[in-house]
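Just so you know, the sequences run in chain order A and B.
No gaps in the numbering here: position 106 of the first sequence is 106 in my numbering, and each next residue is one more.
No gaps in the numbering here: position 214 of the second sequence is 214 in my numbering, and each next residue is one more.
What the hints contain is simulated information worked out from the structure, not anything from laboratory work.
Do not take every clue at face value.
Note that the list lumps identical chains together, so a pair holds whenever it fits in one copy or between two copies.
To be verified - Simulated pairs of lysine to any residue, SDA-like, Cα-Cα distance not exceeding 20 Å:
{"id": "1", "residue 1": "Lys-105", "residue 2": "Thr-203"}
{"id": "2", "residue 1": "Lys-307", "residue 2": "Glu-199"}
{"id": "3", "residue 1": "Lys-105", "residue 2": "Phe-67"}
{"id": "4", "residue 1": "Lys-104", "residue 2": "Gly-296"}
{"id": "5", "residue 1": "Lys-159", "residue 2": "Pro-188"}
{"id": "6", "residue 1": "Lys-234", "residue 2": "Pro-188"}
{"id": "7", "residue 1": "Lys-83", "residue 2": "Thr-33"}
{"id": "8", "residue 1": "Lys-287", "residue 2": "Pro-37"}
{"id": "9", "residue 1": "Lys-83", "residue 2": "Gly-140"}
{"id": "10", "residue 1": "Lys-83", "residue 2": "Ala-93"}
{"id": "11", "residue 1": "Lys-83", "residue 2": "Met-289"}
{"id": "12", "residue 1": "Lys-303", "residue 2": "Ser-90"}
{"id": "13", "residue 1": "Lys-234", "residue 2": "Arg-182"}
{"id": "14", "residue 1": "Lys-234", "residue 2": "Asp-121"}
{"id": "15", "residue 1": "Lys-159", "residue 2": "Pro-187"}
{"id": "16", "residue 1": "Lys-104", "residue 2": "Phe-217"}
{"id": "17", "residue 1": "Lys-83", "residue 2": "Asp-10"}
{"id": "18", "residue 1": "Lys-83", "residue 2": "Met-111"}
{"id": "19", "residue 1": "Lys-234", "residue 2": "Thr-120"}
Number of protein chains: 2
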Amino acid sequence: WLPLALAQTDPLPSWNEGPARQAIVDFVAAVATEGGPDYVAPGDRIATFDNDGTLWSEQPVYVQLAFALDRVRALAADHPEWKDAEPFRSVLAGDLNAVVASGKKGLAEIMAATHAGMSTDAFEQVVADWIATASNPRTGMLYTAMIYQPMLELIDYLKANEFEVFIVSGGGIEFMRAWTERTYGIPPQNVVGSSIRLEYVETDTGPVIMRLAELNFIDDGPGKPVGIQSHIGKRPIAAFGNSDGDFQMLEWTTSGSGRRLGMIVHHDDAEREVAYDRDSPVGRLDKAMDAAPAEGWLLISMKDDWKTVFPGR
Amino acid sequence: WLPLALAQTDPLPSWNEGPARQAIVDFVAAVATEGGPDYVAPGDRIATFDNDGTLWSEQPVYVQLAFALDRVRALAADHPEWKDAEPFRSVLAGDLNAVVASGKKGLAEIMAATHAGMSTDAFEQVVADWIATASNPRTGMLYTAMIYQPMLELIDYLKANEFEVFIVSGGGIEFMRAWTERTYGIPPQNVVGSSIRLEYVETDTGPVIMRLAELNFIDDGPGKPVGIQSHIGKRPIAAFGNSDGDFQMLEWTTSGSGRRLGMIVHHDDAEREVAYDRDSPVGRLDKAMDAAPAEGWLLISMKDDWKTVFPGR
Ligand SMILES: [Ca+2]
Ligand SMILES: [Ca+2]
């Protein structure tokens, strides 16, 4: 009776029957069936997931940007000079348009002021403290509650079938590592992301690793396959994204030989989340959606394919 | 009778009784005993191993340098200009002293000519083909046979006690990844090393990741804790090295709070391997040996602590 009981436990209860769910189940069965034509040894069952917009909500602004702006506010008392200096003045005045208008230079200054100049341990603590209470301005929900229940089930389903699951995100690697294990069950060593340069420094109270205000690596677009190669050293057989920033990760994954799976979370559910794609400044999905049919990438419709969006809702 | 049978199976049969073996067994028991004062959750049982001189022999020259020199010879027919250009002329003439005299600039040229300008897949194949037959000039043994049996047992012992084991080496990350899984049972994603820059390139026959002739990261000395933070994102609780290049990795590991283990393989066995430490240009062990007593790092004597050095010998 045991196999029957196992078979009756649906590993993907938040997914509706449909082509997306079917593609996942068929793919996993194919690569996990020993002796089958598509069999892949467990050690090579590598699956990579984008984070923003694929595992959690990214609207109205990336959570890490919300963190940076909150940090400017929290640190403002120690920086009286910010009252008269852009882009900080606009952040403190709540003028997000002016912050955006400050461009890459302004954003780099905000990142340097909020993400660098401290040890990795100190930064981890700051992020962990912030994420414990920070909430989405639109919904009032904790950011860590606005994760996608169907994707959590997918991660667990892959792990149960001896996949090793990685996050591969344009977001900051240490920003994510502070909470991904608790939130998704994905530990720090399985998180790949953008990074600033680190330096090992001996101090009177022992060594620390300092975060320098210098960009090290951008894990987005063509950077994603490079980040994958650098951190994992194996080509994934399955990849999940939601925007054009995932184009090359999907391409690198599905152009390998043997059976592959590439899927794109399509934000088409205005009622339960936010509907956006080609015209969104955050998480734009345009080129990858055009390429999907020819590349064999399947869209996941949040509206049609998901019974539930957020856990417990 | 099962616990007794398990207890009777020595997990470290190639280790002699003595302080090194005892320190390992005591440490593992301490961190793996639930409810004990030194207990560490399995997810935080991170152990890092240097490679050259810690897991395999590094004398008379680093294996990766032997690979580079062999590649120059193999590629010479396609590069007639090398006959008249240093450092290649000296490599082809077998004049290793002149190669060494060419310094960092010469070595960088050799590395660029042999390690870059090809895809990651092509490089992996070249390394795999080479390591399958390449042998140590002094012993005639395959390089992959000159690995340390006691360290293999240690890796397996740690894994059996729910440690996650990583290589953290000054050697090239992709040079190692081509053979570490087969040789040590350590997969590519658990290998941290020095790297050159990578670039994702679309070609007519699909995408490739190209290896550029540009240094990206040196995973040695103070680079080791940085490589650990970048790839693992957790501080190890145990680290194993053999030279001054491991000083900061040992320091970073053992200066963390809670129970820690730092050990140094001491090459003091001229009969079964090679005896060297303070004066060796390859794998110099000087500053770390001086610091060991105060830092609580234990030396592993190859001569006294190891029953066997190489597998099957
Ligand atoms: Ca995204
Ligand atoms: Ca070494």
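Cross-check of the supplied hints:
1. Lys-105 x Thr-203: Classified as neither; 32 Å inside a copy, 34 Å across copies.
2. Lys-307 x Glu-199: For Lys-307 and Glu-199, neither the intra-copy (46 Å) nor the inter-copy (40 Å) Cα distance is at most 20 Å.
3. Lys-105 x Phe-67: within (18 Å within a copy, 44 Å between copies)
4. Lys-104 x Gly-296: Close neither inside one copy (35 Å) nor across copies (48 Å); limit 20 Å.
5. Lys-159 x Pro-188: both (16 Å within a copy, 18 Å between copies)
6. Lys-234 x Pro-188: both (18 Å within a copy, 7 Å between copies)
7. Lys-83 x Thr-33: Neither way: Lys-83 and Thr-33 sit 63 Å apart in one copy and 54 Å across, limit 20 Å.
8. Lys-287 x Pro-37: neither (32 Å within a copy, 55 Å between copies)
9. Lys-83 x Gly-140: neither (28 Å within a copy, 71 Å between copies)
10. Lys-83 x Ala-93: Intra 9 Å, inter 68 Å, cutoff 20 Å: intra-copy only.
11. Lys-83 x Met-289: neither (43 Å within a copy, 53 Å between copies)
12. Lys-303 x Ser-90: neither (37 Å within a copy, 67 Å between copies)
13. Lys-234 x Arg-182: between (26 Å within a copy, 15 Å between copies)
14. Lys-234 x Asp-121: between (29 Å within a copy, 10 Å between copies)
15. Lys-159 x Pro-187: both (13 Å within a copy, 17 Å between copies)
16. Lys-104 x Phe-217: Classified as within; 16 Å inside a copy, 26 Å across copies.
17. Lys-83 x Asp-10: Neither: 56 Å inside a chain and 67 Å across chains, both beyond 20 Å.
18. Lys-83 x Met-111: For Lys-83 and Met-111, the Cα distance is within 20 Å only inside one copy (17 Å; across copies 51 Å).
19. Lys-234 x Thr-120: between (27 Å within a copy, 10 Å between copies)
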